[in-house]
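S.K.: What follows is each chain in one-letter form.
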Amino acid sequence: METSDQKPGPKPDLKPGKLFFLFAILGVISLPIIVFLAFSVNTTQVLAKVNKLPASDFDHNAKQFYSTYSQTTPAYMEGNSTARTLNYYYSLRQYPGSPPVIPHDMVVEKGAEQTCISCHERGGFTQSMNRFTPVTPHPQHTYCGQCHMKTITTKLFEDIDWVSVQPPKLGRSALAGSPPPIAHPLQMRENCIACHVGPGTVVSIRVEHPMRGNCRQCHVPEEIKTLFTRTQPDKK
Amino acid sequence: MTITRRDFIRSMALNSAAIAATTMFPGIIFAGWKPSELPAGSIQWSKTPCRFCGTGCGLLVGVSGERAVAVKGDPNCSVNKGLCCVKGYHSVQVLYGKDRFKTAYVRRNGELVPTPIEEALDIVASQMKSSIKEKGKDSVSIYGSGQWSIPDGYAASKFFKGCIGTNNVEANARLCMASAVTGCLTSFGLDEPMGCYEDIDNADVFITWGNNMAEMHPVLFSRMLANRKSKGHVEIIDLTTRSTRSSLAADKSILFNPQSDLAIANAICYEIIKNNWVNQDFVSKHVSFHKGKTNIGYGTEDHFKFKDKQENVDFEAFKTFLEDYTPEMAEKISGVSAENIKYLAALYGDPQKKVTSFWTMGMNQHTRGTWINNLVYNIHLLTGKISSPGNSPFSLTGQPSACGTVREVGTLTHKLPHGVVMKESSRKMAAKIWGVPETNIDPKPTYHTVEMFRALDRGDINFMWIQVTNPMVTMPNLKRYRDGAKKDGRFIVVSEIYPTPTSDIADVILPSALWIEREGFFGNSERRTQHNNQLVPKPGQAMCNTWQLIQVARRMGFEKQFPWSQETYIEDIWNEYTQFHDTPKHRMAPYKVLRERSGVQWPYVEGKETRWRYNGKYDPACKDKDFDFYGKPDHKAWIWLRPYEPPAESPDREYPFWLNTGRVLEHWHTGSMTRRIPILHKAVPESYVEINPSDAKTLGVVNNSKVKISSRRGSIVMKALINGRGNPPEGMVFVPFFDESYLINEVTLDAFCPISKQPDYKKCAVKLEKV
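So the sequences go chain by chain: S and E. Counting from 9, one number per residue, gives the positions in the first sequence under the numbering used here. Counting from 559, one number per residue, gives the positions in the second sequence under the numbering used here.
Hints may be right or wrong, so weigh each one.
Computed cross-link-like contacts, BS3-like style, restricted to lysine-lysine with a CA-CA straight-line distance of at most 30 Å [unchecked claim]:
hint, chain 1, residue 1, chain 2, residue 2
1, S, Lys158, E, Lys810
2, E, Lys1096, S, Lys163
3, S, Lys158, E, Lys639
Residues from chain E that keep clear of chain S, each with C-beta distances beyond 10 Å, as calculated [as the list claims (entries may be wrong)]:
hint, residue
4, Val671
5, Ser688
6, Leu748
7, Glu859
8, Glu869
9, Glu889
10, Tyr901
11, Lys986
12, Gly1115
13, Arg1155
14, Glu1167
15, Lys1264
16, Lys1325
Think of the hints as simulated: they come from the structure by calculation, not from any bench. C-beta atoms are modelled at their ideal positions from N, C-alpha and C, and glycine is treated no differently.
Construct all of the structure, not just a fragment, from the sequences and the given hints.
M.R.: Structure below.
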């Protein structure tokens, strides 16, 4: 872990240090409040209103994406924390793209709806867990327990010989410095902002330029691996 | 050195994350899977229906190298539109349990010994031959399931009914949806729902009858929630005997006493008539009225026989019959307030509202299962809310091909792929397509499932071949049937993928290829047929169930009926089977179309699927553009006068609790597959008994206390769960049946619906003791 900055150097002047410490604590307390207030969008309602379609409608839903973008405040976009690592992210999954397990205790299961998305739809700081909440890329699906489980044991019923592929490699630009392609399928994960912007995200996949809203202007999905080849025209 | 604000926050967050990680996830290794050499980009995606429930979600399975490594929802499949449940997302892991059967086993001197599969198939064929020679053709039997792929069930029916000449063909779908079948047949003359899942997007009101959809059909439940969210006025009413996740998500949950749904449905009809909400035009044109026998018994004794006798009556007789079911009288039976019954009737009766009713095991596993199916149809028929978008009485199935393989292929003792064995024209048709003499097909049905296991116990059946199901966990009154199957002189063949309590009692175990390890078809709840290709190699000597049947049939001299090559047999079987359904009422899509699409609904006529049957606007089999219930000779749907009758066993002084059994979201059926999927097992590692908090207090039981549950048939000890996911009312306990360590079916009762022969797993009397 990169805590080397904390190593005691030559003894500093104590007074500015104390002042600074106080300021830092104030900052820590106020930041989550600012962030929470700043990022309070109900994407689902926006979506339902905009589309006049069942919220379950499956598409590469650009409207959802743009409305989340315009409702997300700059403060949230610039927010960051280093709590989440890619290793931790994958430890909750069975293969790249599988629904992650729930890694924390839950409030008593009351109602299939609402309890999860009351935090995971908007993000922000969760006092009880002392960390920023990751945001779901698909808040239109409200019955979270359908796919996300809390595990209560680590023992297996029978051993399994489970292997999956390697996680997608990061930063695979086609040319030096060119924007990398989207490394994962977009289904259920079309809303780039949810996972790549803000303080709840995994550090190594957080985007450095969150204010640029039209992500897919530069980053495109890699639908197939083969290169273009021209079909020979019919000779007739 | 100075510490900046940013650095301070960073280090604090890092430390707290590290502490949180170690305290919150003790023992979890920081890698969810073992990565192969192959990169993410090596994945090839192919469509298949999901292996688990009857919803029939379309999946895209990702294959890398020769292994299935990932799953996505299939956006082209209209069932789930790209969304799955947790079982579907992790379904491919079921292929890779380390205790998978990869070779056959034969019992020698009491031990199951690994044996080459060809030798095991020889033994199976010679055992069948000698049993038939010594004790006649009705001494051999096959017991399959709604997990059979369509060609499996078709080959079994042709082999046993057509070639050997015995009607000893049953499937565990008998335990699962037989009442839905007899309900459809008695009310409409043809099986399977008239509506489809599009009703979920169109209805204004959903009434679920004894049905915890949030856990049993989560993808359809989500679709219902999405409809409610996007429209705003949509209501979900949960009629139930136990409070569940579905109750919590519903707008209103109404608790009723077990079995009293019969009285509630009749009272709803009473109110609809009383308030002039009857759709007079529809009823006069499309409905006729009928009465059957009453006081029909419960089938708990061997050799129980019942045949209903119908009598034509009229609307006036129906009205008189309903006088016994005023909301106030129904309140006394059901415990549901007259006010709530009137409220339900008003929802069904409102001409502005489109109403869909859903049910599964609550209504089907019921000693009056056929009756309650009839009664809910009555409500929809009186109001004319049927066979049109959003108006739909709908029985959801539990198994992936209960409809496709059991209901459509007809793998039940009285059925043929088209029609029933009792009917000469049906036998003629089958004999012609199968290439067997007409005399081969026995016109008399033999045993339904419960009676088949009783016959095995008595020794009337000596040989049973069990494919893709686990009766030594699922049979009610289990001890009798397990002891019976283990008696001397019984020969049990089990086609399986993993060790189960059923394979434990086998004389021969045949290793099966599963799901995407072979080509096949499933048929889901909404008449949708779904094809899958073989996507990964079979492990070891594992063999497709269809091919196992073909191999044994050939060894018994039926090469002529089973001539197909290993390359094309699935396609050849499809082409032969669909000849049985070649009319506009049931035409199936051709093989080529099924390969291309993510499921096709039948009747498939002139390149078009039929969404709503019996409605001339959508169904090409109708006479004109009006409704036409062509399944019955009078072209009408039948309203049945069916009274309330009490259950086979009710709580009394000695056994004061109801026992209700069922499933949980994470585990499917007996858990022999889902328990081998790591996260599903880790989420729900064992079964438990749900007890109402006030009963728990009286018993002095807290969470995880050991409780002994006993009935007149048996007892088990298991841990208590209070205020868990579900909450039974006072005087009821609930036990999920997936866990082979706690065989709750040793406690349940083998009473069944006399018409459908489907047992009631939801009601028997037990006592509880703190251990």
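S.K.: A separate judgement is required for each hint: does it hold in the structure or not?
M.R.: Hint by hint, here is what the structure shows:
In summary, the hint linking Lys158 of chain S to Lys810 of chain E is supported, as the alpha carbons are separated by about 27 Å, within the 30 Å threshold. Taken as a hint, the Lys1096 of chain E and Lys163 of chain S pair is honoured in the structure, with Cα atoms around 28 Å apart against an allowance of 30 Å. Between the alpha carbons of Lys158 of chain S and Lys639 of chain E the distance comes to roughly 25 Å, so the proposed pair stays at or under 30 Å and holds. The beta carbon of Val671 of chain E is kept farther than 10 Å from every beta carbon of chain S, the shortest such distance being approximately 21 Å.
No beta-carbon of chain S is positioned within 10 Å of the beta-carbon of Ser688 of chain E; the least distance is around 36 Å. Annotated as non-interface, Leu748 of chain E keeps its C-beta farther than 10 Å from every C-beta of chain S; the closest such distance is 31 Å. For Glu859 of chain E, the shortest C-beta to C-beta distance to chain S comes to about 38 Å, beyond the 10 Å cut-off, and the non-interface label holds. The Cβ of Glu869 of chain E sits about 46 Å from the closest Cβ of chain S, beyond the 10 Å cut-off, so the non-interface label holds.
Distance check for Glu889 of chain E against chain S: the nearest CB is about 28 Å away, which clears 10 Å, and the non-interface claim stands. Distance to chain S confirms Tyr901 of chain E as a non-interface residue, since its nearest Cβ pair spans about 22 Å, more than 10 Å. For Lys986 of chain E, the condition that its CB be more than 10 Å from all CB atoms of chain S holds, with the nearest at approximately 47 Å. At roughly 40 Å, the least C-beta separation between Gly1115 of chain E and chain S is larger than 10 Å, which holds for a residue marked as non-interface.
No beta-carbon of chain S is positioned within 10 Å of the beta-carbon of Arg1155 of chain E; the least distance is around 17 Å. For Glu1167 of chain E, the requirement that its beta carbon stay farther than 10 Å from each beta carbon of chain S is met, with the minimum near 20 Å. The non-interface label for Lys1264 of chain E is consistent with chain S: the shortest C-beta to C-beta separation is roughly 18 Å, beyond 10 Å. With a least CB separation of 29 Å from chain S, Lys1325 of chain E remains clear of the 10 Å interface cut-off, as annotated.
In summary, this structure violates none of the numbered hints.
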